[in-house]
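Novice: Here is what each chain is made of, one letter per residue.
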Amino acid sequence: QLALAESEDKVKPYTLEEFSYDYFRSPPKSTLSRVMITKGRGKERLWCCAREPLKQPLLKKVLAHEELSQEAQLAFIDIFTYMGDYPSKRARSVNELTDQIFEGALKAEPLKDEIYCQILKQLTENHINCGHMGIDHVVYSEEKGWELLWLCAGLFPPSNILLPHVQKFLQAKKHHPLAPDCMQRLQKALRNGSRKYPPHLVEVEAIQHKTTQIFHKVYFPDDTDEAFEVESSTKAKDFCLNISGRLLLKSSEGFSLFVKITDKVISVPEGDFFFDFVRHLTDWIKKARPAKDGVVPSLTYQVFFMKKLWTNTMPGKDSMADYIFHYYQELPKYLRGYHQCSREEVFQLGALIYRVKFEEDKSQFPNIPKMLKELIPHDQIRHLSPDDWKRSIVAFFNKQSGKTREEAKLSFLKVIFKWPTFGSAFFEVKQTSDPNFPEILLIAINKHGVSLIDPKSKDILTTHPFTKISNWSSGNTYFHITIGNLVRGTKLLCETSLGYKMDDLLTSYISQMLTTMTKQRGSRGNIK
Amino acid sequence: MCHHHPEKPREDQPPEMLKRMVTYNNSFRSNNKRQGFQKYVEDFDPHSMFSSEQIAGRDVRLLRIKKVGPLDLAVEGGVDSPLGKLVVSAIYDGGSADKHGGIVPGDEVMAVNGKILTDSSLTEGQNSLTRAWNSGGDWIDLVIAVSPPKEYEDEVTFF
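As you go down the protein sequences, you meet chains A and B in turn.
For the working numbering, add 23 to where a residue sits in the first sequence, where the first one is 1.
For the working numbering, add 1415 to where a residue sits in the second sequence, where the first one is 1.
Honestly, I wouldn't trust all of these hints.
What the hints assert, rightly or not - In silico DSSO-like links for lysine-lysine, alpha-carbon gap of 30 Å or less: (1) A:Lys310 x B:Lys1482; (2) B:Lys1500 x A:Lys453; (3) A:Lys78 x A:Lys191.
If you are wondering where the hints come from, they were derived from the structure by calculation, not from laboratory data.
Bound-form chain B, shown alone:
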């Protein structure tokens, strides 16, 4: 009835989850595998970086993002914000983060190139990300806490 409601089946996973699954599956494609390319670094142990309180049962993963063009990843929140943490607010189409996959809005950014960001303000977090992206090296290491798939309707509003 309401026109802004996209008429598509809602039984399946929300788009965030689909996106993640597609890219995750891609990492198992044979030619990617041959080049040793993975979305998430498999042998990463979050306990080597964080206490169990910091991890708090969450799915913490390491991404190695290749530097091609701009990163095009936006963050919001920060330790002094209502969110209390640094969270991905947008991944822009065509940027390195988007091309790499495996990271979506809602994921928490916990560390970049080994620097822990869990107690950083928004500005500090943004600066660390920019610095890591502009400094030497062909990639950056991003540790994220993957946001669980949304178990609620998060797309439609009826006014």
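Looking at chain A on its own, in the form it has when it is part of the complex:
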């Protein structure tokens, strides 16, 4: 019985014919008079593959809008061109045509169905209508059409009215290698919602190379990297969950993806589609650095996974997080001399860093004077002679005998956890608003708020808790916050090119704080 059903499928593939009676525009007036002549050649069968560009959109609802109609016709020419049915001499970038096909639909809801209909139309009886172009071309054209359908299903779902028809179309073509995948992508698009930007270069290249799986390299602070599968529908939050699962982290809270492109490192908002974010970023950089003499600037990027918000970080609670992230992210901050610490602590931490590098191996002791930069905060090195540093570090090392590399990492974290500057992002800025503070300031943003630190003594001059910060803004050259109310508040203006990072961190910490407060209020309400 199953075999019979399948063979039936093959005989009569599903088309948009039925759908077209209600939702397609009526064929042009001239059709009636030509019915007799053209009958059987299918020229007016709007749901079948066309050989010429459309003069009007397919859908009634699109026809009603002049502007959308225009866009629909242009999109159709681009679909035509993509499928190789329309002459185009110009060499194009990989995603130029796909951008033009999907950009309009991503902005205007009615065009979403129109694009689905146009693609399905070109996949219907393609071989019959385009037969004059030779069998090789037909195969090519149909395969290119499938690529578009695959990309489309990863961007947005069709409306509820069109959806069953698209599903039946795919069901009837389930023997095509891309059909089951398109079906799945449709489900995910329904669940995760519509993307904002056209397909990323990586997505277009993948399907053109007949790959439906995309792997993305992610870098970690301990100098390792791993490949993770990313889908068109992947949101940053899912991506983070996937990574933290693989790395056996107890929680992904506070962790974030970061994209490094040119000289900027930008954190990816949780709710954003991964590919949308990267697209948006590359488009933005492209705009800022226009092609020079036709040479497009390099837009390669790297993806990092790191701890961003350190609100609930407590060393010992999550071992893998400590070993891969917390130790390696805190180490460079410590070595740059951002914290205030005692000489005793510096010896102890120096010995622990040595142990993380070499474990019980004492053969590297003579090299300690040469690697002080990796063991001691930069600004403290000159306080003792290299040999004095070595002697003290060795003495402390011997006290910790038997400790493994991982235990040393944890001990290191437990020492610095006591400091009020643990888990901070530090920014060196020039402030021009308060004559009572030094001009060059070190700013720490952490769970306590925004702290101003004297860069020489490392004294915390003041800490503004997030609850007291009423406003903030940033530009390419500055960062500005208002503390307290607008009348009696104080303002801090900093000269920095890292304002975008400070802005993002402040926004993220404050929104995290607000979410926690809402949750607490909510749970209190439930008890009543």
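The hints should help you fit chain B onto chain A, whose structure is shown.
Specialist: Chain B alone, transformed into the frame defined by chain A:
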């Protein structure tokens, strides 16, 4: 340890300063000199335009930028912003400002073609710049307060 940290020596000047020095040196190259081309107009006296309070000990210079293609210079701030002044936010590669050199993000724009911009809003400043660029003449005169070299790390963040 941290991957986004560019592994390059940080002892030398920040890139802004390097850029300025390179272009500054270029202006002393012989063929430039022969054409009478300079990055900064040498005999410009800022006190002829501004009071000493407005100059406030800063390094104020006049640039004569030749009009070839777009200016490609972006500004931010304005008198009503937290910055309280008009500041260069970006110089795009390949534009006239970039080709001319001698101006970098962080420099304050004080005047264009003789019009003082120290009390201008962002929109007013942008309009004045656009008007000056689109009006007649082969160049524009830009008076800037050069931002001093950064004596602090302004590139790397460890999260």
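Novice: Quick check: which numbered hints come out false for this structure?
Specialist: The structure breaks none of the hints.
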